[in-house]
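*Asks:* Here's the letter readout for the chains.
Number of protein chains: 2
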Amino acid sequence: MDIRTHPREFRRAARAGLYDGPTAGYCNGYVQVNLMILPKEYAADFENFCALNPRACPLLAVSDVGSWSMPTLGEDIDVRTDVPRYTVYRNGKFSESRIDLIRHWRDDLVTFALGCSFSFEHLLLKHGLPVRHIELGGSAPVFVSNIDNVKSGPFGGKLAVSMRPFNVAQTIKAIEITSRFPQVHGAPVHFGNPHDIGIADITRPEFHGLSSVRTGEFPVFWACGLTPQVAVMAAEIPFAIGHAAGHMLITDLPIEDFLS
Amino acid sequence: MDIRTHPREFRRAARAGLYDGPTAGYCNGYVQVNLMILPKEYAADFENFCALNPRACPLLAVSDVGSWSMPTLGEDIDVRTDVPRYTVYRNGKFSESRIDLIRHWRDDLVTFALGCSFSFEHLLLKHGLPVRHIELGGSAPVFVSNIDNVKSGPFGGKLAVSMRPFNVAQTIKAIEITSRFPQVHGAPVHFGNPHDIGIADITRPEFHGLSSVRTGEFPVFWACGLTPQVAVMAAEIPFAIGHAAGHMLITDLPIEDFLS
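Quick note, the sequences are listed as chains A and B, same order. For what it's worth, my numbering labels the leading residue of the first sequence as 226, then goes sequentially. For what it's worth, my numbering labels the leading residue of the second sequence as 226, then goes sequentially.
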């Protein structure tokens, strides 16, 4: 499997337990999505949270209650198995890492799919912009900023941001490209000094990922779809499941369809 | 006359000699253009120069030889009178500043109209971005960078750039907006350290304009339509006329039509 693998093949491999790694750099040209799976009593508040924080949470699809299919993202998708790795939260704390959710599934769960910045990375590469964490064979580093999300019910917390290092000319180009794709987080929220948005140490991402900023570059930050997981932890929701950081659901939607 | 004046009224005032000042902040929403007026023997090389340097020289219209009308830019335009102020060059040197070209007109002259960044300034203002030189009542400061233009015949020289100061969030927004308008210079070519592009003193623009960068801001540079005048000087063309820096021809074309 590589950048040319079709999402259907990729999902089958994840479903069979043959691949449980990060998805950055796979299935170029197809939209990757963040997942948040919640008991239905939280669904209305969470959907509103997405509407209030569209930069971090561009909502692309919501499942029926108890259903594990998401037909608008891909005909055969099974959200219980098709993501390489999941994170289960209990009472707002990390509970366990899973490669499937067969035993965790409940009839009251609702799945939310949110756009992910991995989707635009092949466009950056196509325009000659190097994506450092792909070069290094890993995921984008993700940090929790000091920027407050707009609250909805129990959901609030701080904005999570993904980081990619670029020089000045690359930053201009990256803004130019990503601003055309608001459904996968759009333009960056910040670049330059990490302290300006409350990041104390740029070498230590809160969520796993490879952070390496070289001379002549500065960090460029995009709103990140791990923001709901930060919100779930802050709210101490009894039960919630997210994709594991960097391990996305890859859909059948071509990224070009999302050009605004 | 103010930002709401229709371009037709503005041009009539310039034609009557009632206004000879800079055009920044006038006739918001209409495309302003740079002019380069050359003897026809230079026309082919210059048109090619524009094609090779599209960031600096987005060519919007070319007149017939000897004609002072530009019907695609505005029905009644007379390029000899409708610009508030002109600069005449002889042998590549500044010769004189004129408020009309009636006595300078020749039957062999060809007029080139190039997109101008003033056109997008009202869009920046509409999105809440302050434009410093408009606040200060003047023109954008213009510098000559150390970036080489691509050569065509006698035309070469260095890229001229206009500067607007912004903070980080404003810079992201400004790139996002201007990148959608490649026909009026598009995204910036640089931001941050002026020395990177050969500008020694950010407080002293080569072409008149107000340069004021405050704490927490940095200079953001766009390719500028004065670049042909730099090229004309470097090439020591015997006779050429440009608009005076900051004194543009205001057309009847709505800027929204240029959204790419």
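Derived by calculation from the structure, the hints in this document are not laboratory data. Hints may be right or wrong, so weigh each one.
[What the hints assert, rightly or not] To give a feel for the contact side, a few chain A residues facing chain B, derived at Cβ under 10 Å:
| hint | residue |
| --- | --- |
| 1 | 228 |
| 2 | 238 |
| 3 | 303 |
| 4 | 313 |
| 5 | 315 |
| 6 | 354 |
| 7 | 356 |
| 8 | 394 |
| 9 | 396 |
| 10 | 403 |
| 11 | 404 |
| 12 | 405 |
| 13 | 412 |
| 14 | 415 |
| 15 | 432 |
| 16 | 443 |
C-beta atoms are modelled at their ideal positions from N, C-alpha and C, and glycine is treated no differently.
*Asks:* Decide, hint by hint, whether the structure agrees.
*Replies:* Results of checking the hints against the structure:
1. 228: violated, 26 Å
2. 238: Because about 37 Å separates residue 238 of chain A from the closest Cβ in chain B, which is outside the 10 Å limit, the hint is violated.
3. 303: Nearest chain B Cβ about 37 Å off; hint violated.
4. 313: violated, 36 Å
5. 315: Where the cut-off is 10 Å and the nearest Cβ of chain B is about 37 Å from residue 315 of chain A, the hint is violated.
6. 354: violated, 14 Å
7. 356: violated, 19 Å
8. 394: It holds, given that the least Cβ distance between residue 394 of chain A and chain B is near 7 Å, below 10 Å.
9. 396: The hint holds - residue 396 of chain A has a Cβ within 10 Å of chain B, the shortest such distance being about 8 Å.
10. 403: Result: holds, 9 Å to nearest chain B Cβ.
11. 404: Status holds, d = 4 Å.
12. 405: holds, 8 Å
13. 412: Holds - the Cβ of residue 412 of chain A comes within 10 Å of chain B, reaching about 5 Å at its closest.
14. 415: This hint holds: residue 415 of chain A lies near chain B, its Cβ roughly 6 Å from the closest one there, short of 10 Å.
15. 432: With a minimum Cβ separation of about 23 Å from chain B (threshold 10 Å), the hint on residue 432 of chain A is violated.
16. 443: It holds, given that the least Cβ distance between residue 443 of chain A and chain B is near 9 Å, below 10 Å.
Hints 1, 2, 3, 4, 5, 6, 7 and 15 from the list above are not met by this structure, while the remaining hints are.
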